[in-house]
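For the record, the sequence lines run as chains A and H. For the first sequence, full-length UniProt numbering gives the first residue as 1, with consecutive numbering after it. For the second sequence, full-length UniProt numbering gives the first residue as 1, with consecutive numbering after it.
I should point out that these hints are in silico values taken from the structure, not numbers from a laboratory. As the structure is a prediction and not an experimental result, all values here were calculated from the model. There could be a bad hint or two in this list.
No copy is singled out in the list; a pair is fine if it fits within one copy or between any two copies.
With a straight-line cut-off of 30 Å between C-alpha atoms, the simulated DSS-like cross-links for lysine-lysine are [unchecked claim]:
no.	residue 1	residue 2
1	20	58
2	58	11
3	41	58
There are 2 protein chains.
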Amino acid sequence: MPRIVVDVMPKPEILDPQGKAIVGALPRLGFTEFSGVRQGKRFELTVDGEITEAVMAKAREAAETLLSNPVIEDVVNVELVND
Amino acid sequence: MPRIVVDVMPKPEILDPQGKAIVGALPRLGFTEFSGVRQGKRFELTVDGEITEAVMAKAREAAETLLSNPVIEDVVNVELVND
């Protein structure tokens, strides 16, 4: 089903305690390959009807105003996914 | 910087209270285009050195065992991103 995927990540300069906790846990579980982890959010928005450019523009607006906190987070991706 | 992106979403049959809250908030903020929202997680893993197929295999293993809870979540994507 077509849907809009919005990806939000903590800004690089913002401390990410969840990511830090995962980095600490990885080697204890045998994963020594990874030097850093950041945890963000992924949203999937569904739409009844066609996803037009106007709908994508509204999704970008919602991403910046409701789905992310622009003080501490960046919207890194807003894309249409068909599968 | 090259990094590995892991996307995790709640399984379709699992209630997603955060997504439900967002669906309720959207029309109050003037966004009437969206019929559903699911909220998941996005992880960005960094690696010192080259990201080989062996490292990607470890990332997929970490995604299934540490980054997601397989009872309630699906790993929907593990990919190498260069930018």
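Those earlier numbered hints the structure runs against, lowest number first: none
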